[in-house]
Amino acid sequence: MTDTPGLEVDRVVKRFGGLQVFHDVSFSLRPGEVLGVIGPNGAGKTTLINVLCGRFPPSAGSVSLDGKSITGLPTHRLARMGLVRSFQQTNTFKSASVRENLSRALRFSGAPMRVVERVDALLRQFDLHPRLDEPSDKLPYGLQKMLGLLLAYATGPKVLLLDEPAAGLERRERTLIDAFVAAARADHGCSVLIVEHDMDLIRRLCPRILVLDAGHLIAEGPPAEVLARRDVIEAYMGLSDEDEAA
Amino acid sequence: MTSFVTATLIGVSLGAQYALLALGFTLIFGILGVVNFAHGGFYVLGGYAAYWFVSAAGLPYPLAVVLATLVTGILGYLFELLLIERLVDDHLATLMLTLGLYLMLSTGILITFGPESPLFEFPLNGTLRAGPFYFPIANLVVLAVCLLAILGVYALIFRTDLGRALRALADDRQVAAAQGLRPRLLFPLAFALACGLAGMTGALVTPILSLAPHVGDPVLATSFLIVILGGLGSIGGATVAAFLVGLVEAYSSVYLGGSKGALALFVLVLIILVVRPSGLFGRIAREA
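From first to last, the protein sequence lines stand for chains A and B.
The opening position of the first sequence corresponds to residue 28 in the numbering used here, with each subsequent residue numbered one higher.
The opening position of the second sequence corresponds to residue 15 in the numbering used here, with each subsequent residue numbered one higher.
Pulled out of the complex, with its shape left as it was, chain A reads as follows (with noise of 0.2 angstroms):
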């Protein structure tokens, strides 16, 4: 990990027509680290994900990478500048069986032999090594869900985004997004954003987690003391009545 900054957000505000989504978002993600993205339901956080991966532009504010202004780009460019996103639904090509949908990653993103070679280490150690040849969308939805990150993998990022990766998977398939993530940052030196409900992933994988309420960034920090926080307890838990009255 460097001190320079790798992902930098400036004061990025989202709106769609008079619905502010998010205000004022700052924040930066160094080279090689992993960092959550917390709040809850309708708070903006995949919303957040589509700005910084080009799907929209932001309505203010800016986006660097590498010092180099990547705002208000399309999801393509930059995905060729190396920010990746994965989504939270099962985002493969349905119709292609996984060898396809690995080989289509690998040949649109011109990824090196090396990365070839790490992942078909990786499907082997997610279990889609056997299922190479069956349609991406008969895959059970765990397999659906790695495939997706897979694929992420496969273009050799500097920034992964992760939507919920963990969405949807079984306890026993949540230590896979571990190894998935140990694996990109081994492998490509990237940094990670994660946004995610599962706090004991959070916990695991980031050192640093931003918190996110009502389109409004509320905290910052190291897990364990942002989740301590009153005001992050109540963005998720609400005020009891109590509280209210006082």
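The hints are simulated quantities; they were obtained by calculation from the structure and are not laboratory data.
Fair warning: this is a prediction, and the values are worked out from it, not measured in the lab.
A few of these clues could be false.
Derived, one-sided and incomplete: chain A residues facing chain B with beta-carbon distance under 8 angstroms [said to hold, decoys possible]:
| no. | residue |
| --- | --- |
| 1 | Thr102 |
| 2 | His103 |
| 3 | Arg107 |
| 4 | Arg112 |
| 5 | Asn118 |
| 6 | Phe120 |
| 7 | Lys121 |
| 8 | Ser122 |
| 9 | Arg131 |
| 10 | Ala132 |
| 11 | Arg134 |
| 12 | Phe135 |
| 13 | Thr182 |
All residues carry an ideal CB built from backbone N, CA and C; glycine is no exception.
Chain A is fixed; fit chain B onto it per the hints.
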């Protein structure tokens, strides 16, 4: 037996023509999610372009077919780039745009060339005799060219990086873009390919059938029917359905006669869609 063999040849020949048309139609739907109502217009334009290159420019027919394919392909490319591109996710807008383009194409042709069918004949006449069977040479040549073109399309889609990229876009545009594919670069190429195929079919087939400003109407209807029968967006389904429709049309017209023949086709389509609502090779539902 003679009539069966003749009907089979006609059916396969019709099927190959339909397959070329339907492949373009299904490519556009599969990749862009657009139902191209101008498809029949590009077929007519291909016919008239080839006719113009032969009759006015004095070019040989094979070169005229190549040029007609290029003209329709380039026009399709520009149409997608300048108009469809901006509204690609608005299904109603693209429907109206393509319908409007079809009306403009057919009306433009009507104004330029008049309502009468021009004299546009296939350069090769005569029949090939094999025992008791007679095969028109023009049909055999068109069949051979159509089959080669179908193989070419399959090679492009399933054996090249461009085809792999187009299939990826058809599968999931968001996932493809997240891996670095540029949809807005590939959409016009897909549209150009589809319109070029329609134009080439028009240039090949209209000298044998007929050339008139309105001949795109049944072409659009048949392409639509084939693509639904094969499964929207399915390349293999469109090909199989095209040959099925060609053969059913040929057999029913030989053994049942004109109007009963048309009825037989629609009854078959109805039965297949009742049994398989998403078509022969269609997926259950296409995500938007």
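Cut-off 8 angstroms, beta-carbon criterion: hint that phenylalanine 120(A) touches chain B: holds, 4 angstroms
Does alanine 132(A) pass the interface check with chain B, least Cβ-Cβ distance below 8 angstroms? holds, 5 angstroms
Given arginine 131(A) as an interface hint, is its Cβ closer than 8 angstroms to any Cβ of chain B? This hint holds: arginine 131(A) lies near chain B, its Cβ roughly 5 angstroms from the closest one there, short of 8 angstroms.
Is the shortest C-beta separation between phenylalanine 135(A) and chain B less than 8 angstroms? holds, 4 angstroms
Is the interface hint for lysine 121(A) satisfied, with its Cβ closer than 8 angstroms to some Cβ of chain B? With Cβ-Cβ at 6 angstroms, under 8 angstroms, it holds.
Was the hint right that threonine 102(A) lines chain B, CB cutoff 8 angstroms? Interface hint status for threonine 102(A): holds (4 angstroms vs cutoff 8 angstroms).
Are arginine 107(A) and chain B close enough, Cβ to Cβ, to be under 8 angstroms, as the hint says? Holds - the Cβ of arginine 107(A) comes within 8 angstroms of chain B, reaching about 5 angstroms at its closest.
Closest C-beta approach of arginine 112(A) to chain B relative to 8 angstroms, hint status: holds, 6 angstroms
Answer holds if the nearest beta-carbon of chain B is closer than 8 angstroms to that of serine 122(A); otherwise answer violated. holds, 6 angstroms
Threonine 182(A) was flagged as interface toward chain B. Is the shortest Cβ-Cβ separation under 8 angstroms? holds, 6 angstroms
Take the shortest C-beta to C-beta distance between histidine 103(A) and chain B; is it under 8 angstroms? holds, 5 angstroms
Measuring from the C-beta of asparagine 118(A) to each C-beta in chain B, is the shortest one below 8 angstroms? Check passed: Cβ of asparagine 118(A) comes within 5 angstroms of chain B, closer than 8 angstroms.
Going down the numbered hints, you'll see the structure goes against none, and every one checks out.
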